[in-house]
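Asks: The chain contents come next:
Protein chains: 2
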Amino acid sequence: MTQLELAREGNISPQMEIVAQHEGIDVELVRQGVANGTIVVPANRRHQNLIPCGIGKGLTTKVNANIGTSSDLSSIDTELEKLRAAIDAGTDAVMDLSTGGDISAVRRAVINASSVPVGTVPVYQAGIKAITQRGAIVKMTVDDLFASIEDHINDGVDFLTMHCGVTQATVDRLRKQGRVTDVVSRGGAFLIGWMLHNDRENPLYEYYDRLLEIAEEADVTLSLGDGLRPGSLADASDHAQIEELLTIGELVQRARQAGVQAMVEGPGHLPLDQIEANVVMEKSICKGAPFYVLGPLVTDIAAGYDHITSAIGGAIAAAAGTDFLCYVTPAEHLSLPDAEDVREGVIASRIAAHAGDIVKGVKGARERDREMSLARKRLDWEEQIRLALDPKQARRIHGERASAGAACSMCGEFCAMELMEKYLGVSAPKGL
Amino acid sequence: MTQLELAREGNISPQMEIVAQHEGIDVELVRQGVANGTIVVPANRRHQNLIPCGIGKGLTTKVNANIGTSSDLSSIDTELEKLRAAIDAGTDAVMDLSTGGDISAVRRAVINASSVPVGTVPVYQAGIKAITQRGAIVKMTVDDLFASIEDHINDGVDFLTMHCGVTQATVDRLRKQGRVTDVVSRGGAFLIGWMLHNDRENPLYEYYDRLLEIAEEADVTLSLGDGLRPGSLADASDHAQIEELLTIGELVQRARQAGVQAMVEGPGHLPLDQIEANVVMEKSICKGAPFYVLGPLVTDIAAGYDHITSAIGGAIAAAAGTDFLCYVTPAEHLSLPDAEDVREGVIASRIAAHAGDIVKGVKGARERDREMSLARKRLDWEEQIRLALDPKQARRIHGERASAGAACSMCGEFCAMELMEKYLGVSAPKGL
Numbered sequence: 002m003t004q005l006e007l008a009r010e011g012n013i014s015p016q017m018e019i020v021a022q023h024e025g026i027d028v029e030l031v032r033q034g035v036a037n038g039t040i041v042v043p044a045n046r047r048h049q050n051l052i053p054c055g056i057g058k059g060l061t062t063k064v065n066a067n068i069g070t071s072s073d074l075s076s077i078d079t080e081l082e083k084l085r086a087a088i089d090a091g092t093d094a095v096m097d098l099s100t101g102g103d104i105s106a107v108r109r110a111v112i113n114a115s116s117v118p119v120g121t122v123p124v125y126q127a128g129i130k131a132i133t134q135r136g137a138i139v140k141m142t143v144d145d146l147f148a149s150i151e152d153h154i155n156d157g158v159d160f161l162t163m164h165c166g167v168t169q170a171t172v173d174r175l176r177k178q179g180r181v182t183d184v185v186s187r188g189g190a191f192l193i194g195w196m197l198h199n200d201r202e203n204p205l206y207e208y209y210d211r212l213l214e215i216a217e218e219a220d221v222t223l224s225l226g227d228g229l230r231p232g233s234l235a236d237a238s239d240h241a242q243i244e245e246l247l248t249i250g251e252l253v254q255r256a257r258q259a260g261v262q263a264m265v266e267g268p269g270h271l272p273l274d275q276i277e278a279n280v281v282m283e284k285s286i287c288k289g290a291p292f293y294v295l296g297p298l299v300t301d302i303a304a305g306y307d308h309i310t311s312a313i314g315g316a317i318a319a320a321a322g323t324d325f326l327c328y329v330t331p332a333e334h335l336s337l338p339d340a341e342d343v344r345e346g347v348i349a350s351r352i353a354a355h356a357g358d359i360v361k362g363v364k365g366a367r368e369r370d371r372e373m374s375l376a377r378k379r380l381d382w383e384e385q386i387r388l389a390l391d392p393k394q395a396r397r398i399h400g401e402r403a404s405a406g407a408a409c410s411m412c413g414e415f416c417a418m419e420l421m422e423k424y425l426g427v428s429a430p431k432g433l
Numbered sequence: 002m003t004q005l006e007l008a009r010e011g012n013i014s015p016q017m018e019i020v021a022q023h024e025g026i027d028v029e030l031v032r033q034g035v036a037n038g039t040i041v042v043p044a045n046r047r048h049q050n051l052i053p054c055g056i057g058k059g060l061t062t063k064v065n066a067n068i069g070t071s072s073d074l075s076s077i078d079t080e081l082e083k084l085r086a087a088i089d090a091g092t093d094a095v096m097d098l099s100t101g102g103d104i105s106a107v108r109r110a111v112i113n114a115s116s117v118p119v120g121t122v123p124v125y126q127a128g129i130k131a132i133t134q135r136g137a138i139v140k141m142t143v144d145d146l147f148a149s150i151e152d153h154i155n156d157g158v159d160f161l162t163m164h165c166g167v168t169q170a171t172v173d174r175l176r177k178q179g180r181v182t183d184v185v186s187r188g189g190a191f192l193i194g195w196m197l198h199n200d201r202e203n204p205l206y207e208y209y210d211r212l213l214e215i216a217e218e219a220d221v222t223l224s225l226g227d228g229l230r231p232g233s234l235a236d237a238s239d240h241a242q243i244e245e246l247l248t249i250g251e252l253v254q255r256a257r258q259a260g261v262q263a264m265v266e267g268p269g270h271l272p273l274d275q276i277e278a279n280v281v282m283e284k285s286i287c288k289g290a291p292f293y294v295l296g297p298l299v300t301d302i303a304a305g306y307d308h309i310t311s312a313i314g315g316a317i318a319a320a321a322g323t324d325f326l327c328y329v330t331p332a333e334h335l336s337l338p339d340a341e342d343v344r345e346g347v348i349a350s351r352i353a354a355h356a357g358d359i360v361k362g363v364k365g366a367r368e369r370d371r372e373m374s375l376a377r378k379r380l381d382w383e384e385q386i387r388l389a390l391d392p393k394q395a396r397r398i399h400g401e402r403a404s405a406g407a408a409c410s411m412c413g414e415f416c417a418m419e420l421m422e423k424y425l426g427v428s429a430p431k432g433l
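As they're listed, the protein sequences go chains W and X.
Per our numbering, the first sequence runs over residues 2 to 433.
Per our numbering, the second sequence runs over residues 2 to 433.
Chain W extracted, bound-state conformation (with noise of 0.2 Å):
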């Protein structure tokens, strides 16, 4: 049975009770939203070692961090120590979105090392072998996909980025209303091609209860893909996002149905004042299912600072009631990342969760800031940094220009809190 199956039936599993000890909060809270689909617990049976995680309504705000191959840069090792940067730095999961080299070795290894829930896209490996063994991705057969969502399912990937919601539909929202960036994910983007060239409906969508089948089997969570986000602010909350969007809310009910744990992903490049409307619709058309964002990026024009653009969107977007963000690094538009890079990601999102569910009221967020701030207060430095979201890096910074006083080098001797302590606290004014 999945984590769906078992809370409808009033059952608490191993992998609820883990989420609920990790959250702070009652059990039987995570059973509910599990069982009515508000939650959901990315946990395939075939994945060792894994810590599972719980996304969604009266969780903390979650992080993933993509990682993975390119045709240009392919080499284990490197995404192996990416994972590490991403881990290290705190992500809640990762994807493994890799394109080249040895596509199953490195997702293998990636799951093996992996204590957080792993994600991938099947799509993408399943065009990549039509091209080497049949010419073309439009040549991919039904049956070579179904192959790779098997594959990845028995290496253990928890949950698996599915674009069913590109349908013939969508594409002819896209030709009558046209974008400036067209289509800019690589899966959507496989199957528009696929779709158009043999003239049918998408496969994930036709063969949809095939795909519930083999999901429920092992239990394995859909992240039902947006192949149509926008992928500039151009084309934000236009006629094909929207489309496909209201398919994703049938698909969802759909794997409900079916027992299958669902999650909806979400733009991409959006201005600042559409992103709790998107927050919203998806709320509204999918029934509360997690809503797991890329980005947002709230501007076309940072290349090499999109963590921050991404942060931006990301803490809205957090705040107005998204479960779960995808990264953005500051190689995003430009290059593959690097670990530094993933890093970099991994904290930006981080901020951006915490500011969002300092406004959602999740338990125990508002109580970091107050206990940082008193220890500021108190110029008290290793708790200061204790608490620092990287420590690290505020020990770097800290020590790196130190102060001659109690206080920090940026006031020096006219801290103002030391100064309040004089005049507010008990102490007698001395020198001042």
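A few of these clues could be false.
In this list, chains with the same sequence are indistinguishable; a pair is considered to hold if it fits within one copy or across any two.
As the list claims (entries may be wrong) - Below, simulated DSS-like cross-link-like pairs (lysine-lysine); rule was C-alpha separation at most 25 Å, straight line:
id, residue 1, residue 2
1, 177, 378
2, 423, 140
3, 288, 177
4, 130, 423
5, 423, 177
6, 177, 393
7, 393, 378
8, 58, 288
It should be emphasised that the hints constitute simulated quantities derived from the structure, not laboratory data.
We have chain W; now place chain X onto it with these hints.
Replies: Just chain X, lined up with the frame of chain W:
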């Protein structure tokens, strides 16, 4: 006559012309904004080589970089290096917040080397002088304070942060309510210490007319500082902060009556969902005076990354109508920033400002994002780099891990843009 007085009489100054040209808007809109106080043009007549800059309604959101020495680090050369880093990164203004070494010499060197408006906080120097000459900040006389203000004005400072709204009434509110981090503004702490020890009203409030008189004479813009700004999320939007804002609102009106340009400073540390309310309150209470916020920082726990926490808050603030963002660097709360911190801080704030400008509908903001997206679709890398907010950084990352093909190494052969060009574009599918 000040810019405000000129504008009120229907005159267009050379400074207003430059602002209008830079913004690409009708100079009459600038004149009207200056006349009714919703725009300020900080431009001390004695600041040679200044390129004037407008701050306020209908204009692009501006960015300020704080530089300056502390008692721990007080080299003029370092400050000039930070000034260059800030200007190179595209700051619109700088503040010299020096509290260490030869404060006057640093200030003069900064003004001399700066093409952007320079701001200072004269009470720092007055307080420090009082320690040297009289043994304690609390022994500072009112004339000492005004002498310092006049020195700064005579040196050519374009805008002065003046904590005129820190009154005995705000201190009462502070005492009654209590706070986690009391007072984190250095200027606020200096003044409150002085007020408590001497049992007197804040001289900047008591002698506000004297301040207005000398500000009017040199056309120095007042930046009404928020000495009671919250220094932690726990203290956000509290009694003391809003009491001070009410007083500042009255002082804005008196400044306008005296022909003095005025803007208003704001928080500080704010939970994400309180930012818009703070902007709305400032605009209402201060009758549309330009709002100049520090951050805001949406969490207290990200020491080492407060340029990111501030970019999140700054973007939301800008989108809600904030006119001027004071950057925060990665060194905030830990040490005095160095030149690299300054660069990172300016870029992060510029991202926030631009994300806000897109929402505000500032002229040209969306167009640049659209051009970038079109260049992305064409895989035109030179154009993407040219349009990037920081072309050097974009070129570096793109070049470091370059692709063998026309796309970037992120997707290599499987670039969605390339695939869609084949399937939705004119060219025939080849090989795929």
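Asks: Taking the hints in turn, state whether each one holds.
Replies: The hints, checked one at a time:
no. : hint         : in the structure
1   : 177 with 378 : between (59 Å within a copy, 19 Å between copies)
2   : 423 with 140 : between (77 Å within a copy, 15 Å between copies)
3   : 288 with 177 : neither (28 Å within a copy, 46 Å between copies)
4   : 130 with 423 : between (71 Å within a copy, 19 Å between copies)
5   : 423 with 177 : between (69 Å within a copy, 18 Å between copies)
6   : 177 with 393 : neither (52 Å within a copy, 38 Å between copies)
7   : 393 with 378 : within (21 Å within a copy, 39 Å between copies)
8   : 58 with 288  : within (12 Å within a copy, 41 Å between copies)
Against the hints set out earlier in the document, violations occur for numbers 3, 6.
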